[in-house]
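With these hints in hand, go ahead and build the complete structure from the sequences.
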Amino acid sequence: MMPNKSLKLRLAVAEVDRAAHLRSDEAYLKSAWASASVLLFMDEKFVASNNQISFVSGSSLGEYQSQTDYFLGVKDKENFFVRHLESDENTNLELKTLREIGAFLSPRDIGLAVHAQGLANWHKKHPRCSQCGAATTVVLGGSVRRCLIDESEHYPRTDGAIIVLIKDDQDRVLLGRQKVWPKHRFSTFAGFVEPGESFEHCVVRE
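Position in the sequence shown (from 1) plus 2 gives the number in our numbering.
Hints in this document: simulated from the structure, not taken from any laboratory. This list has only true hints and no planted wrong ones.
The list that follows gives simulated cross-link-like pairs (lysine-lysine, DSS-like), each with its CA atoms no further than 30 Å apart:
#, residue 1, residue 2
1, LYS98, LYS126
2, LYS47, LYS127
3, LYS126, LYS32
4, LYS181, LYS169
5, LYS126, LYS47
6, LYS77, LYS47
7, LYS79, LYS32
8, LYS79, LYS47
9, LYS77, LYS32
10, LYS98, LYS77
11, LYS98, LYS185
12, LYS98, LYS47
13, LYS185, LYS169
14, LYS127, LYS98
15, LYS79, LYS98
16, LYS77, LYS126
17, LYS47, LYS181
18, LYS47, LYS32
19, LYS32, LYS98
20, LYS181, LYS126
21, LYS32, LYS127
22, LYS185, LYS47
23, LYS181, LYS98
24, LYS181, LYS127
This is the structure:
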């Protein structure tokens with residue numbers, strides 16, 4: 003874990019141990035589920051209340067389901083999971099995007115939410131093997147998908163991206179905005195780095 007709590011960047015401090023060594027222990031995951039704290043994720047949104055992510059106990063959701071319940075880690079002997087709900091489930095729930103509530107979350111919760119959203123979105127968009135096209139199954143607590151035919155393993159994709167502050171010799175900062183954004187919203191420049199592209203060229207392109 004990262005011990006430096008003096009950093010002001012909340013995601014730079016690892017509040018939760020991802021405990022990768024436990025992902026292969028199916029018996030542990032099943033037993034930990036009942037008392038675990040579980041985030042609920044649906045349609046790229048979290049179940050939330052008062053700008054905070056809502057946690058529910060695993061026991062209130064029934065048995066652990068390896069294909070939709072993903073292990074996020076442990077902190078102070080408390081286990082964390084996310085359950086990926088189908089779009090037609092529990093439509094009366096209050097749902098919020100991470101963009102809407104991220105600024106209000108604690109370092110622990112923002113770290114869990116980013117991890118949970120990344121896993122859930124990846125599983126939804128990559129149900130099949132990229133080598134043979136066959137269906138895959140979720141293994142290792144949600145961190146891997148395995149092909150049912152050729153047994154190849156597939157991992158969540160990560161895309162290189164940068165965010166930069168552009169300023170002149172008078173310390174004036176250049177900001178930009180998209181047409182679809184709400185009025186008066188501006189941002190520093192950010193973008194995905196293309197294969198073989200330098201950071202500088204990425205900034206110019208963006």
